[in-house]
Amino acid sequence: MIEHSLDFFKKNRFFDWYRRFFSIEEIEGSKTLQYSFGVMLFITFLTFFRGWAVNTAITIEAYRTNAYICWPYFQSCGNYFFLQILPQGYSQMVLYAVFFALILMVAYLMYQRAWVPTHMGVSILWLWKFLGVFVLTMSFSQVFNYFDLILLFILLFLPYKLFFMRTGFVFLYFLAATEKLNGGWIIGTYFTSLNMGLPIFGNTSAPLFTNIVICMQVVGSWFLLSKRMVLQRVALWYFLLFHFYSMLIIGYRFPVSVIPILIILFYINTENPPVPLTLKSIIGWLFLGFLLICQSVPFVISNGNASLTGEGIRYQLFMFDANHQCVINFNVYHADGTVKKYHDERDNARYRCEVYNRWFWAQQECARDPSITRISLTFDHSVDGGPFYRIVDVQNVCALDYKPFSHNDWIKVPPQAPVVGYPVKNVYY
Amino acid sequence: MQPTSTPKLIVLTGLEGNPPVTLTPLQQFMEPYLPAATFFYWVLWCGILYYLVFTYLLEPTFRRSTLARHGTPAPLMGATKPRWLRYFGLIAGAGVLCGALGWIILERGPVSPQAIAGCFPRTNVQTPYTTVESCLASTIRALLNTHTTGELLKYVTASTSPAIVTQNCHEIAHVIGEETFAKAGDLQTALQQCTPACSRGCIHGVTAASVTATLGGPALTEDLVHAHLSSVKQLGTTYCEEMSSLCHGVGHVLFIGLQNIPAALNACDSVAQPSDKEVCYEGIFMEASGELLGSGASLAVMGTNTAASDMSGDMGGMDMRGPTAASTEGDGMSIASGTTTFATDIATLKNDYTYPCSVLAPQFLHACFLYLPSFQHALFKQQKVPSNEQFGLSVKACKTFLGSARSDCFEGIGFKLDTGVDSSGMAIHTGLSLCETLQNSDANSCLIGLELKYASLDEYGGAIALCHNQLNGQENVCYDAFFQTLQVGGLADADIQNICRGSVDAMECTSAFSRYLSRASTLPQYLHGEF
Chain A
353 MIEHSLDFFK KNRFFDWYRR FFSIEEIEGS KTLQYSFGVM LFITFLTFFR GWAVNTAITI
413 EAYRTNAYIC WPYFQSCGNY FFLQILPQGY SQMVLYAVFF ALILMVAYLM YQRAWVPTHM
473 GVSILWLWKF LGVFVLTMSF SQVFNYFDLI LLFILLFLPY KLFFMRTGFV FLYFLAATEK
533 LNGGWIIGTY FTSLNMGLPI FGNTSAPLFT NIVICMQVVG SWFLLSKRMV LQRVALWYFL
593 LFHFYSMLII GYRFPVSVIP ILIILFYINT ENPPVPLTLK SIIGWLFLGF LLICQSVPFV
653 ISNGNASLTG EGIRYQLFMF DANHQCVINF NVYHADGTVK KYHDERDNAR YRCEVYNRWF
713 WAQQECARDP SITRISLTFD HSVDGGPFYR IVDVQNVCAL DYKPFSHNDW IKVPPQAPVV
773 GYPVKNVYY
Chain B
-5 MQPTSTPKLI VLTGLEGNPP VTLTPLQQFM EPYLPAATFF YWVLWCGILY YLVFTYLLEP
55 TFRRSTLARH GTPAPLMGAT KPRWLRYFGL IAGAGVLCGA LGWIILERGP VSPQAIAGCF
115 PRTNVQTPYT TVESCLASTI RALLNTHTTG ELLKYVTAST SPAIVTQNCH EIAHVIGEET
175 FAKAGDLQTA LQQCTPACSR GCIHGVTAAS VTATLGGPAL TEDLVHAHLS SVKQLGTTYC
235 EEMSSLCHGV GHVLFIGLQN IPAALNACDS VAQPSDKEVC YEGIFMEASG ELLGSGASLA
295 VMGTNTAASD MSGDMGGMDM RGPTAASTEG DGMSIASGTT TFATDIATLK NDYTYPCSVL
355 APQFLHACFL YLPSFQHALF KQQKVPSNEQ FGLSVKACKT FLGSARSDCF EGIGFKLDTG
415 VDSSGMAIHT GLSLCETLQN SDANSCLIGL ELKYASLDEY GGAIALCHNQ LNGQENVCYD
475 AFFQTLQVGG LADADIQNIC RGSVDAMECT SAFSRYLSRA STLPQYLHGE F
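Residue numbers (the numbering used here), protein chains in the order written: chain A, 353 to 781; chain B, -5 to 525.
Heads up, a few of these hints could be off.
[To be verified] Pulled a few chain B residues facing chain A out of the computed Cβ check, cut under 10 Å:
id, residue
1, 8
2, 10
3, 19
4, 20
5, 27
6, 38
7, 152
8, 154
Just so you know, the hints here were simulated from the structure itself, not pulled from any lab data.
Only a predicted model underlies this, so the values are computations on that prediction, with no experimental measurement involved.
We treat Cβ as the ideally placed atom computed from N, Cα and C, and that holds for glycine.
Make the full structure from the sequences, and use the hints.
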């Protein structure tokens, strides 16, 4: 019966149009793209399995308890939450059970080489992941999810899939390099301000290795596309080693997103497709241009201080942007004269210390509790072992707006932001 | 005085016991070049993007439309193109990179503000003051071709600038002022470009340069020493009447010309109004200590019949003999004559850490004590006194004085302590911890000196944070000294309240200011050391 259904996909006019519209014949004719599909499906499963299925980030309970965070450009996201998780409910478990069934079905369809229904199934998974990462919450805005979504978008929806997969992959390395063009990486203070220092190599040589990383991302990444075997293989082995080394610090998740695709696109694959310059290819080039614009947004918003203010950093690839430490103090003033104090410290280098998250929490508190007259906030932030700057010191954070695409004047940067102290070495975990 | 205690740090929960963040030697070397390196990487990044877009997108598209045909798209690498187009992208990209490299070469040269830091020795190796000054002069002269005076002053006070720059900002601002005057050509135009940053160092420098120019020669010292004392006095009176800050510059000029502290002090007395005498004296001591510190050798600083050796031995004495600079009193003689007979040598000072304040009249003591640590430092260097013993010797020297002189002396110690950050970006708030090792009023005087230092550097945040950390009533003295200094500096009450609002504890600072206003008239003049 299943095989009979598959015939239906081959003969139906709509599916024929669908096949042509999404250039699925490219997948049918390329082992590289088929392998990529398999890896992407596995990564999607990993995403749901590893955290999403049991995560409360987009549940009604999260909204009720103000334990959620919306994107700055969609601050009312909580109004659209509809799922519940145990013990309050089980609708989210049902949804992910359906997704798991879909993943299994897609795997079978791949095995049957039925690429149109495979494409449809994966598109549904991609769409949910896209909503989760960029619309419903900001909690899932990790860079490995960006990589997955971008590469899968190319694979699913763009023509000249192999070309744009390969070029897009390299372009992501290239874009991510811009986050490293600062003191944290150029002189290596990201690592030397960690208590453990740079793993294996130590602190003395840290600037040497960090500059190698920058150079390879800016220049060497393009050698992955080279027809010269020596250059191509040197670049490939470098990036493989780099990702395996990175596991010492960041663990499995990001390397799992990258290493298999790197191997498939630049080792197993032997094709070097020509540069497409047809009308059909415009969408692909526009997509790369869009990524470039997204990467530049924080630089425009905060004039080079994005790591300090956190403004716009999640619009771009921000992995390892800087080593952060912060101290946050809220005073919540109630009408009856009582004052509740909230103190939070973050010593984890990879915790981004974004002012927006704290502003969002305070806004929700003020909106929900009429007895709150105001909430004062001080936010002290140290980047790459530099001084703690008091970037926010406001008497009533509830009265302030947060602009998603321009600098918020109430977030100060040096020299307006005063130095309030100096950090000790921190940790990464 | 070098830092000897642990700096103040913010240690987050879970990080207890972790060491402070420091730079490795390689990072310290690289740090000044960070802006240039960042710029280089950006140009490289943009250049590659441009090259790729041009070579693989724009050029083939242009070629296709030109040839009006649709052939097989070019392969990613190794495409065949017309010769002039084939290399155009490459050449353009190379041009961008060369431009970047050129910029970096210039950035490493004397036209980058970072070059200012290069004028100061990186190690403890003694560098003559004249060498530093001449380096600063040539560097800043070049910088003024590409930067405004205001930009340079902003750089030397910026928290992101190297500590060696911010800690010497007054001296650097002096040179900026001198070079600004040289470029502007007239006093008013130059003064308009100066800001009050770095204790009005730029204004002082402009004044000094202007006085020199008015006396008729380009070489500051040479011309002054050949100038007529009556001319100097006449000009000095004019400048001192015009503005208090200018009078400080006159003090510098008087010492440069006379090379004799008592004579220069007497000259100050005759040119300055009573309210401006203090700043004139400070100009003299600043210049004298700076030259002594830099030269490490001979410097004529004493008055008639007062050999340095005569006053070196008795640290316990309260010798406040007034200067007897009769040789410079009469009109009709060159001010250079004051330097010929009474030259002394730093080597003859032995271990007199009270010199030269111990031999001056009371009215000169406050200004003298503000710069006594600099005189002492010259001796420390000459005698190779270990850094961890220097503070103790300075304290011992101050304890030989009594009454207001003792207060002034401890205020001078505080005024000279470090407030900034060192080259590794680490805080060296040793000033407070060192002051805290003192007892009672000595500690208060030291704290006031430290507070004045902060205020004079316009580091208001640091000044208030310092007061905020005081206990047992010392916070009142601290705030009072700070507010008084700001008021003397010309800030309105509203400005001070704004500074408080942006401080570490706005509420505490604001209420301290209210308290200060209510009792301001009864407070001693901290700035003048009448503690």
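Violated hints, by number in ascending order, as checked against the structure: none
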